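Peer 1: Listed below, chain by chain, are the residues.
Number of protein chains: 2
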Amino acid sequence: MAKQKYVYIFGAQKTEGDATQRNLLGGKGANLAEMSNLGLPVPAGFTISTDVCTYYYNHGEKYPPQLRAQVLAAIRSVEKKMGATFGDPKNPLLLSVRSGARVSMPGMMETVLNLGLNDQIVEGLIALSGDARFAYDVYRRFIQMYGDVVMGLRPEGKEIDPFEALLEKKKHQRGVEIDSDLPAEDLKDLCQQFKTVIRKRLRRPFPEDPEEQLWGAVGAVFGSWQGARAIRYRELERIPHGWGTAVNVQSMVYGNMGDDCATGVAFTRDPSTGKRELYGEFLINAQGEDVVAGIRTPEPVSKLKRKMPKVYAEFEKVCANLERHYKDMQDLEFTIQKGKLWMLQTRSGKRTAAAAVKTAVDMARERLITQKEALLRVSPADLDQLLHPSFDAKAKRDVIGVGLPASPGAASGKVVFNAEEAEAEAAKGERVILVRIETSPEDIGGMHAAQGILTARGGMTSHAAVVARGMGKCCVAGCGSLAIDYGKDLFKANGKTIKRGDWVSIDGSSGEVMLGQVPTQEASFTKEFSELMKWADRERRLKVRTNADSPHDSDVARKFGAEGIGLCRTEHMFFEGDRIDAVREMILSGDEAGRRKALKKLKPMQRRDFEGIFKAMNGLPVTIRLLDPPLHEFLPHEAPQQKEMAQKMGISVQNVRQLIDSLHEFNPMLGHRGCRLGITFPEIYEMQVEAIIEAAINVKKKKIKALPEIMIPLVGTVAELGMLKAMTNRVAAEVQAKKKTKVSYLVGTMIEIPRAALIADQIAQEAEFFSFGTNDLTQLTFGYSRDDAGKFLPIYVEQGILPDDPFQALDQEGTGQLLQMGTERGRKTRKGLKVGICGEHGGDPSSIEFCHGVGFDYVSCSPFRVPIARLAAAQASLKS
Amino acid sequence: MAKQKYVYIFGAQKTEGDATQRNLLGGKGANLAEMSNLGLPVPAGFTISTDVCTYYYNHGEKYPPQLRAQVLAAIRSVEKKMGATFGDPKNPLLLSVRSGARVSMPGMMETVLNLGLNDQIVEGLIALSGDARFAYDVYRRFIQMYGDVVMGLRPEGKEIDPFEALLEKKKHQRGVEIDSDLPAEDLKDLCQQFKTVIRKRLRRPFPEDPEEQLWGAVGAVFGSWQGARAIRYRELERIPHGWGTAVNVQSMVYGNMGDDCATGVAFTRDPSTGKRELYGEFLINAQGEDVVAGIRTPEPVSKLKRKMPKVYAEFEKVCANLERHYKDMQDLEFTIQKGKLWMLQTRSGKRTAAAAVKTAVDMARERLITQKEALLRVSPADLDQLLHPSFDAKAKRDVIGVGLPASPGAASGKVVFNAEEAEAEAAKGERVILVRIETSPEDIGGMHAAQGILTARGGMTSHAAVVARGMGKCCVAGCGSLAIDYGKDLFKANGKTIKRGDWVSIDGSSGEVMLGQVPTQEASFTKEFSELMKWADRERRLKVRTNADSPHDSDVARKFGAEGIGLCRTEHMFFEGDRIDAVREMILSGDEAGRRKALKKLKPMQRRDFEGIFKAMNGLPVTIRLLDPPLHEFLPHEAPQQKEMAQKMGISVQNVRQLIDSLHEFNPMLGHRGCRLGITFPEIYEMQVEAIIEAAINVKKKKIKALPEIMIPLVGTVAELGMLKAMTNRVAAEVQAKKKTKVSYLVGTMIEIPRAALIADQIAQEAEFFSFGTNDLTQLTFGYSRDDAGKFLPIYVEQGILPDDPFQALDQEGTGQLLQMGTERGRKTRKGLKVGICGEHGGDPSSIEFCHGVGFDYVSCSPFRVPIARLAAAQASLKS
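Those protein sequences? They're chains A and B, same order as listed.
Per my numbering, the first sequence starts with residue 1, numbered consecutively.
Per my numbering, the second sequence starts with residue 881, numbered consecutively.
Keep in mind that the hints were calculated from the coordinates and are not lab data.
A couple of the hints might just be wrong.
Stated by the list, open to error - Partial chain B-side listing against chain A, Cβ under 8 Å, derived:
{"id": "1", "residue": "M1549"}
{"id": "2", "residue": "L1550"}
{"id": "3", "residue": "H1552"}
{"id": "4", "residue": "I1559"}
{"id": "5", "residue": "P1562"}
{"id": "6", "residue": "G1596"}
{"id": "7", "residue": "F1662"}
{"id": "8", "residue": "Y1664"}
{"id": "9", "residue": "D1668"}
{"id": "10", "residue": "I1681"}
{"id": "11", "residue": "Q1692"}
What the hints assert, rightly or not - Covered, in the sense of this in silico footprint (three residues per stretch, anywhere, with C-beta under 8 Å from a C-beta of chain B), are these stretches of chain A:
{"id": "12", "stretch": "158-172"}
{"id": "13", "stretch": "797-806"}
Since the model is a prediction, treat every value here as computed from it, not as a measurement.
Glycine residues also receive a C-beta, built at the ideal position from the N, C-alpha and C atoms.
Please construct the entire structure, taking both the sequences and the accompanying hints into account.
Peer 2: What follows is the structure in structure tokens.
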């Protein structure tokens, strides 16, 4: 075997690794090396590479023969740098031993601190520090940690931790409350008691030899890689078991050796606003865990300037240095030992969406990064936070249930249980939350009137979720723990009963349902946000359109930067006001003549809607999908509404029920809908085409340029599209001839049935554009009903059977094949065929990246996701 | 333009075409040429090729310039052969002008007979025939036909045909009933009246010039190719409009010139039994239309032997000659004019399935054809007739409705409206027909007990249809005109009311529903059938398995030649007897422990079933699909059954309803079923695997070799299959260890979700076999629910949007791609992966041919389709 390097030293003067060697040295090791390379004050140490871990498990838990010599040499080097010697009672070097995998696995693996002490060496530490209490406390902690982590002394049965028990007993004897009130003598005694319990319980002594201690600790870290907890964590996070962990052995430094010592954490910029100033906190004479424990209140890091001006100045320089080097806001850990600053950790700092936008734009302006890099710094999904109101972060939340975060935002209001009431209360100026078991198209008016929508059933693409996102309205869906009783006008959750009129608050970003009125703060668009969007628009190749069904939504979306409408669902227009009566009259008609009569009433209303939408989208394309849902969706589901319909139509309730029965479908998703309606009842589509072309002609007179793209839904065979395209062209020609005005339009189709993707070469003979309807395509490719999948999909995601809910993030492996195949085959027939996506995935960043890769022309998403899509499209462009 | 040949003569001495030129000369023209080539007595004539039709329509309805000369030359040649001259009053040649496309389009295009007569020439005909009545009758018919077909004299408004009106008037004047009782004088007068009405109505005279008559008739035939009727027919039959028709001009011969004349039709073998003897009928002194009209009763052709022994001997020789030449049973038309035999038509004779089998096998034995050719002579689908009872062909049928021919056979019985009653009546020895709006798994017992099943809703793959085919039981499904009223125990159809206990008969091969008890005849397997099957087995590469869920069905299928079970649906076993109670107890259990307790009761019953099936299939593979349907399918749908369940389970009816509600799914087809159940409730699949392995071990002790292939349904991701395969192997190992016996088994999956086909390379990492479940795969690839598609699918097939119902004949273009892709990708990962099909398509001949082409190892179909599949597989092999 070739002689291999397994150990990499870091620290002042000499460092062997750097930040690029994350795979070999782990994240922590690579960053420590990088900081050392930058000349920053890092306590010296060395990293045992992940190769050793791999070797260890491939060779029956044995180390490579070269390792021992390499480790000993590394210790010699550390001793030299730190001016102390491992195992030397006069001037002892103490070490920490920590895990460090490629990616952070917080709390999953073992750590041993203060290693290198024994009864003799502790005396040296006393001499050096001049503080016996400090020294024995360190020694006590070491024995306890080593006994637990390395030697495996764990409580038995219901027993509490035996070390803690001895500590408690001692405090009780002394009548003190906290550890630090115990004097040195007691701590010394505890050290002996700890050793005794180890010997008695484990039948072997605590090792006094520092080198033996070190190998024990290294073995414990490698061993913890295959611990049950770590394995489970890797399975959940899908981290390969083969990666292994590195081990970092580093000199100890102490922030608790007196008032010239301190420890703290800091961010180089404010992680919640992005403001350019050091942000963080510290404690004088304390250890890292004291900052976390919260017994003493830490001070803001700015105060360190007054208390330790020289150290603070150095710290500021280090921060600037690190930010310049990493070109990103840093999250730092530091310790000051007897007036000397030591850097223990640096990593990119987590931040709010607002901070992410501001730091990215600021850094680009500061020329720290380029505009392109700035664009890649902001997670598109996080922008959602900026586009909707949110709850005051400091407000108390009395959470009574958690559902799916179906549409972001924050809303408070009085509970109502049906759409009519929601509208009535809203008309009186009340703020209401509409609470339903599930919603249906009949509820649209009430959803619009409510502040937010809460449902007990349904997933991320349920009716409530899709419509709410379209409206930009807060929605928590599928909160299964809600027991709603419409009869009694109440729901129960978490043992509480909430009645009609009670206040609740819902958080559409977390899915939380809360009692009472939680204060909210409005969304605000900063200058930086606008700037970033401008940069994004310069980079992206994909156009971004919106899914909008009304002039109002179209206006909103255009303000958010939409470049057209990718999906206008005409059926949503069928529910508004009295229109539903005409729709029902049509459905009730036994013959074509009756249907035509009812459709005649609908046409002017549809035309008016289209005129409004064309106006809002003047000069931009508007894709209009002809009627899609099965007719039974337009009939009332509940008895009172059925009675009302019977009265309005002048027929018996029994007639209404018979009609509903005759239209009943076992699997409506796979039923008589989409172009299947267009073929069996051509008069419906004819009316819609007339309304579209008439509207385009009417607005043309007002100098508004309409670019309708007429979309035939649910096409599975080229004959369907051929017949309906011929119908469209015939009707359009008739209208244009009658009005003596020409308008241009396209006729295309949704690709939402697997077969359409498979025969896209044929479909493209007729289609002038493709729009992938990935909601239905996902349903059919997987055989999942999005309304029913709640019974197993969460379990599938949890168990890792699926990486994500495929209704949220496009299943690139399966469904994605159909997108790619459909696009390639379609363009083989029709060069330059316009291709887009109008499913929910059009607003999902990873899916947008996929669409970019496959060569789509545009994505379309709900109005409030347009900015997200613009950024995601820019990132896709930059990454490719 | 090069000089092109447009006209092909035929007849004695010289013939220019032959049977291979069907595209150019049409079917009729090619066969007339072929008979002439064989030296058979064919009235001379010529064919104007289909090229002329194409030219005619491509050049604004003009003929190619060379045509006139070629036609005149052809007439000269015919005159020479027939010894008569066209337009010669002394010895006139009369002609027929008939259409003739590549494929027969019966009744869609025009014909003109007796062409070449005028007032002068008719006198010549009288002189030649010595029969004025005959001559004027021919002349009268010619004017009438020409006036209608060529000149376009049609009745106006509500008027009856003007020629017929004159004829009726004349008969009335003379007081006679039938045309032939009118004397020559009257017929002569009618000829003049006919001409007068033509001149008056059309303002142009009837053409007296024979050549003008000829061109008029040729133009009418070409014109009729683009007639509305013909266009619609071609659209329905998908015949390209560009093919065009040929025109056949042929000398007239007459079977009605005296008692030495005759006309007739004959088959070279009996078309209903296949027996080798001349079969047909003739009339002395008659024309072809008299045989059809039915005024005189024709005599069996054998009698011709006595009446015209010399002609008969010649005819026998001609028949033998034609059969030898065409190597198939022929359907002939002939005319005897003054003792001379003329052959007018020959074509392959249509025949019953029994005759097809017998003639094919006989001809192979006679060495007329090879065994391979014999196999290709029988349509596999027609075998269905031989495998089931059928109605006596001569029995009267009082048809009150027509549904889908869902499962072949013939059945009569008393009407009952629910499964319990069917069982009770059958137990008393009554024959019943179970009439339901639709059936569900609860009805299995009743379906089994009934003679046949009739439903008002559902398609060819509805529950009723699938289960009935599996049982080999007659079923008519989706008879929408039935108005069933369960409450009143009756149904209405075609204005009649049929009550419980009334007799009805249903024809599962035609879909007819009839009043009363129509006599049936049993299925019988002939020696020839067995022989043909033996030959088929030698030729085919595909194995044929069966879909069977019980030992009984397995036995039946094995007798039909099944080589294993391709699909055993375990859930069907869950409905029998008390098992359903245990199943419901399991569903009701709120926790795993409760479910396990209930499953423990089910296991011995499942095991017993498996033992029976393994016994029936000793030594052959048995593919067992683990539980597939959603759990709510096992709960009762109707109030009385819900009440019964509540009592049995000791809970309230409300509890039962709540349970049903909680399991309700919007789209059960896409819901919580298949392996999704296996993952969320692993104990169900564990029980089934235990039962399978225990059964295999138990029968092994009896020297029975079980080869279970455990099939995981509805897999869409490799993780699902991986988890459930691991579970299966673990449980199987436990059972084998406990019983200290080894058995072999495979674990594979159904490919029935589009995604599974797309990622088949991954799935094959786990799957040891693939079985394409094309029912669900078709549903998902098209987005059609087979339970709901009845509202548009028939219209789609009628309008030619789809060539066939894709649930009957595999959609090769779309779904077929997934079969091919899945097979190729699966075998790329796992070389030699066993691949089969277990959807309904496994019994459909065109689908079987596709499966052969894609390289499947086997097809699986319902027991009664096994012989069909064996023959279809052999044909696929022979064709490829």
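Peer 1: Give a verdict on every hint.
Peer 2: Right, here's what the structure says about each hint:
For B/M1549, the shortest C-beta to C-beta distance to chain A is roughly 4 Å, which falls under 8 Å, so the interface hint holds. Satisfaction of the interface hint for B/L1550 is found here, the shortest Cβ-Cβ separation to chain A being roughly 4 Å, below the 8 Å cut-off. With a least beta-carbon distance of about 4 Å to chain A, the hint placing B/H1552 at the interface is held under the 8 Å criterion. The closest approach between the C-beta of B/I1559 and any C-beta of chain A is roughly 7 Å, which is under the 8 Å cut-off, so the hint is satisfied.
Because the beta carbon of B/P1562 sits about 11 Å from the nearest beta carbon in chain A, more than 8 Å, this interface hint is broken. Interface restraint check for B/G1596: the shortest CB-CB distance to chain A comes to about 5 Å, inside 8 Å, so the restraint holds. At a threshold of 8 Å, the smallest CB-CB gap from B/F1662 to chain A is about 5 Å, leaving the interface hint in force. Among the interface hints, the one on B/Y1664 holds; its C-beta lies about 6 Å from the nearest C-beta in chain A, closer than the 8 Å criterion.
The beta carbon of B/D1668 is positioned within 8 Å of a beta carbon in chain A (closest approach about 4 Å), and the interface hint is therefore held. Interface hint at B/I1681: satisfied, since its Cβ lies 4 Å from the closest Cβ of chain A, which is below the 8 Å cut-off. Interface restraint check: B/Q1692 against chain A, minimum CB-CB distance 11 Å, threshold 8 Å, status violated. Requiring three or more residues with a Cβ within less than 8 Å of a Cβ of chain B, the coverage given for the stretch 158-172 of chain A is violated, as only 0 such residues are present.
Here's how the stretch 797-806 of chain A fares: 4 of its residues keep a CB closer than 8 Å to some CB of chain B, so the rule of at least three is met and the hint holds.
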